[in-house]
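Based on the provided sequences and hints, a complete structural model is requested.
Number of protein chains: 2
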Amino acid sequence: MQFPKGLITIDKNSHVAVYLQIANGIISHIRRGILKPSAALPASRILAADLKVHRKTVVAAYDELYAQSWVDAYPRKGIFVAKNLPDVSPRKITTGIQSYSYPEETFFEIANDKFPSLALSVKSPEHNLVFNDGFPDTRLAPVELMVREYRRFARYHFTSKYLMYGPEQGSENLRTELARFFGETRGLQVKPENILITKGVQMALYLIAQLLLTKNDTVIVADPGYNGANEVFEQAGANLALVPIDEHGININHIEAICKKKKVKLVYVIPHHHSPTTVTLSAERRMQLLELARKYKFAIVEDDYDYDFHYASSPILPLASIDYYGSVIYVGSFSKTIAPGIRMGFMIAPKNLIARATRFRKLIDRQGEQLLEEAMANLLKNGDISRHLKKANKIYHERRDILCRLLQEKLNGSVNFKIPDGGFAVWVEYLNGLKPQEVSAKAATMGLTISNGKDYYHDPAYLNNCIRIGFASLNPNELEAAVDILAKAVISLS
Amino acid sequence: MQFPKGLITIDKNSHVAVYLQIANGIISHIRRGILKPSAALPASRILAADLKVHRKTVVAAYDELYAQSWVDAYPRKGIFVAKNLPDVSPRKITTGIQSYSYPEETFFEIANDKFPSLALSVKSPEHNLVFNDGFPDTRLAPVELMVREYRRFARYHFTSKYLMYGPEQGSENLRTELARFFGETRGLQVKPENILITKGVQMALYLIAQLLLTKNDTVIVADPGYNGANEVFEQAGANLALVPIDEHGININHIEAICKKKKVKLVYVIPHHHSPTTVTLSAERRMQLLELARKYKFAIVEDDYDYDFHYASSPILPLASIDYYGSVIYVGSFSKTIAPGIRMGFMIAPKNLIARATRFRKLIDRQGEQLLEEAMANLLKNGDISRHLKKANKIYHERRDILCRLLQEKLNGSVNFKIPDGGFAVWVEYLNGLKPQEVSAKAATMGLTISNGKDYYHDPAYLNNCIRIGFASLNPNELEAAVDILAKAVISLS
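In order, the protein sequence lines correspond to chains F and P. Heads up, the first sequence is in the numbering used here, so the first residue is 1094 and it goes up one at a time. Heads up, the second sequence is in the numbering used here, so the first residue is 1094 and it goes up one at a time.
Hints are supplied without guarantee of correctness; some may be wrong.
Note that identical chains are pooled: a pair holds if it fits in a single copy or bridges any two copies.
[Claimed, not checked] Straight-line Cα separation of at most 16 Å, EDC-like style, residue types lysine to aspartate or glutamate; simulated pairs:
1. 1284 <-> 1197
2. 1483 <-> 1277
3. 1284 <-> 1265
4. 1353 <-> 1165
5. 1129 <-> 1384
6. 1353 <-> 1384
7. 1388 <-> 1180
What the hints contain is simulated information worked out from the structure, not anything from laboratory work.
Okay, here's the thing in structure tokens:
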């Protein structure tokens, strides 16, 4: 009887039935080469006594092993490990399946050193007060509206339809409502067929990069700029051409100079409240950029992620709203409208590109969340989104003004900034040799998390003394407390 | 006064304020080159009379244009189109911005002919009765459980935390619950750090293919097999090596023969209720496959998408549960547990691969739906998922038996099949020269949608006479009615 005692351990508190624990334990020993092919298993009576369980439990375990073809059963002879199993050289003997530990590393090679450098999100800051990069206040998120919609779904018969596989391009109802919404808010005369629903702007950018770019293609981006886009373009094999940005937006002459030297495949712009600088691309430069796109046949990716949050006059209509030639791919998001954690974005382009992008999206992810998309369609249709935007804009407008006033009052002479037209953050320059990293370190000791100025510039040689200060997610009291700490930190360093 | 009459049309029923309609109309004419730089705009009084609006409305429109820098204003001279705008050659004159039509095609080139062949989902069938490929019954989906969780979120203060950006790897709570669930149901001793939450199996496969494969790598798949996986591997540049599958699963000797001839990077298996054939990979072959992985250093992708739906004895424990070397990447889904439209899957692998995959997932999609993930964590924790699975298994088990009995009674001699151990479909072979395409076409005329036998085999030369008949989404009456039609269609073709 080659069946060492103590090989099977039983955990009576486990949710797994005891007979299955026994069967799984034996399987584990077979797989590890401890129990060899054709080896006899103990009679059920004996194993039951060993394990202090009822004989019927062991019989059930053996039945299970037989059903799974791990053992052969011969009448009047007994139960044997199946003879046709491969002979495995024994591995470390441990007691019970519980002690098996999952491997630390893959045995196979991971082909390339792909994506090793992407930063993962930082852990939640330890401090109560956080000047973030510019996120909406999730306390204002219209969760109750979403819940109302989900509650409706629970009641209605049609809901089962939305639980099946659905259109990869996104809900037809949502795309219809979006086409109307974009017409009203952005002068964009598109049809539902021109819209692909994505998981946030990020997926839209990924799809575009993979579809349009091949190795060593040139992509123009502003520096400082948006990391999340730069990474996507570089991962697709593109070389970034960095262009400076000033108070009127990305430098168009610089773009044309590059176009004259080499083929440019794609120009990425954030025309409103550019991240990180918050500047808006001027009407003049918008027209120039469209003309350049026509002349040099590049694609413009217009990332208008926070168009709906604008506090000064109206936002300038998107480049896409007057794109006669089909040069512009327009991307945006509802992640700022509802909450960052609700991933819903869109990509607007001529049909031929949307068709390709839809097929590709299917490969990655099959489809979006239909219930979420239907909920959003309803909220757009009955005006809830517009009402929420109006309310949120009022609050964020106030918070922007409060932060700017506080910075002026309490950090006068130490910082310089321009009041942004919209969005969720102010781009602040430190004066008098103050270093973002030192201010950040000092503020941390006083209970405030604030940017250390890193990662805004793609060019590592650039000595940056600017940071983004997000105002949207802090209420007036919190803004006051946070600026107080910042002012103390700055004074202590001056 | 170069301002043609009738250029601006006003839609009083539009949601867009009239002053904005006027401003946008003028911008449109500037952008189209109809209004040239430095051109004078009509006095507000005159334009107001033309448009039959109050003069203040035109003044508001001009203020808007000035704020957006489209016009210059000179005291006592009037309003002029900004002089520094580029001079655009005039395009087609149309009336009002409303008549602008969005371009049909992109002006730039789409780099490669990427993903042109991927099939998009077929439209909803017109018939009431559908034998689908094997999907759960969405009428049984526990929508009320999901709604209960969302309702909880609406009440609790902590909810705002889950609305912010969160961990790219997926909710910590969910991964903790999953680690426990996998231990209990699959003998998988993994930690939360070994789990990446994805949008369904599809995204897990996409991430794996992109991370592991480079151009011309060899990937072994069964033929017939799962299209959705084959497309992902081919898109990553791999060459597929097709291996036959029999009643015990994929042919292991055939795999070894290929390994002897060339470097194999990855072997893709569906060990339970293989799609489309429904066969289960035998215990013997599982062990052989693990030995081969160790010998030839390939990765095994184990797609156990419907492990939780098994009606005969217990399912065989996953390869991953006894993977000593780190050869196995285990992927699965909750899309079948809740509903296909709820996209939630997982990938289990050693930490080094999970870390890479997490970074890559961030690039594509940033993160999953945190609220959905937290809801799922709660449902797993309080046993709701297990209870739902038990209930659903009982119902699907019955439906499988009913379909098999009906096929035996009413199509005896015309079809051949093996009762599947689990899953959602039966793999049925037509006899007597019956052709799937003809049966499908005939059934369609009688009100039943049923597979035409296409797309199961990757090898187009294979003359397939088998189809999948999904039983899970039809209740007993529907199953009876559907088989009645199928039997009539078959008789009329015999």
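What hints, given by number in increasing order, does this structure fail? 4
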